[in-house]
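Heads up: the sequence shown at position 10 corresponds to 10 in UniProt numbering, and the numbers run straight through without jumps.
Everything labelled a hint here was simulated from the structure, so no lab data went into it.
Take the hints with a grain of salt, since some may be wrong.
[Said to hold, decoys possible] Below are the EDC-like pairs computed for lysine to aspartate or glutamate, each with C-alpha atoms no more than 16 Å apart in a straight line:
#, residue 1, residue 2
1, 116, 146
2, 107, 140
3, 163, 187
4, 179, 193
5, 138, 117
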Amino acid sequence: NIRWPDHGIQQEERLYKYRLPAVLAYARANKINTVTWPCGNARIGIAASGKGYLDTIEALRILGIEDETAQQLGLRVYQVGLIWPLEPQGVREFAEGLQELIVIEEKRPIIETQIKDELYSLPDGKRPHVIGKATDGKGEWSTSIEEAPLIGHYEYQPEPIAKMLAARFLKLDIPESLKAQIQSRIDLLLKAEQESKRVIDLAERKPYFC
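Whole structure, please, built from the sequences with the hints as guidance.
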């Protein structure tokens, strides 16, 4: 906040020396960002905020992934309540031991960029692969719309998130029974989408005058 009669330089100094550190300390002390699905031996993590978090939980439900299956999968979920500035210690604790970290957020990659910045200097073997708006080995702007796991120009729904997560999960070394469950749920989802499209096509008619 502006405080009269401070000069702009004094305001900026107060922001960086006191206010932002206080925000980060408050966020950590009050657990604004929290691990909602813990897993001690997690290999894959999901970070999401707001409506994107609720859509993610629903997407996991569509895939039949809940407490027990999440443990089999090695899945850890992080709910971000304060997206900027992103509290760094909580991010590092959440990312510990992960092979892959998926960030689900609508529009611009605010959380994803901060996570990458915080984890970039970790040694090889301790730095998870982070994807979101950017895909494997690329940045936001070098990832085409076709390649992006989740694109940023529309509101997310649970179904596209479920399909994206299933594609990542099926690449993991997980029990065959769990793979079969995820694949069968995706097959049902695709079938329902096809049926819905068919009904819309049948119901369509051109306008005319009586």
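The hints, checked one at a time:
1. 116 x 146: Roughly 22 Å between the alpha carbons, so the hint for residue 116 and residue 146 is violated.
2. 107 x 140: holds (12 Å)
3. 163 x 187: Roughly 10 Å between the alpha carbons, so the hint for residue 163 and residue 187 holds.
4. 179 x 193: Violated - the C-alpha atoms of residue 193 and residue 179 are around 21 Å apart, more than 16 Å.
5. 138 x 117: holds (14 Å)
Figure legend: structure checked against the earlier numbered hints; hints not met, in rising order: 1 and 4.
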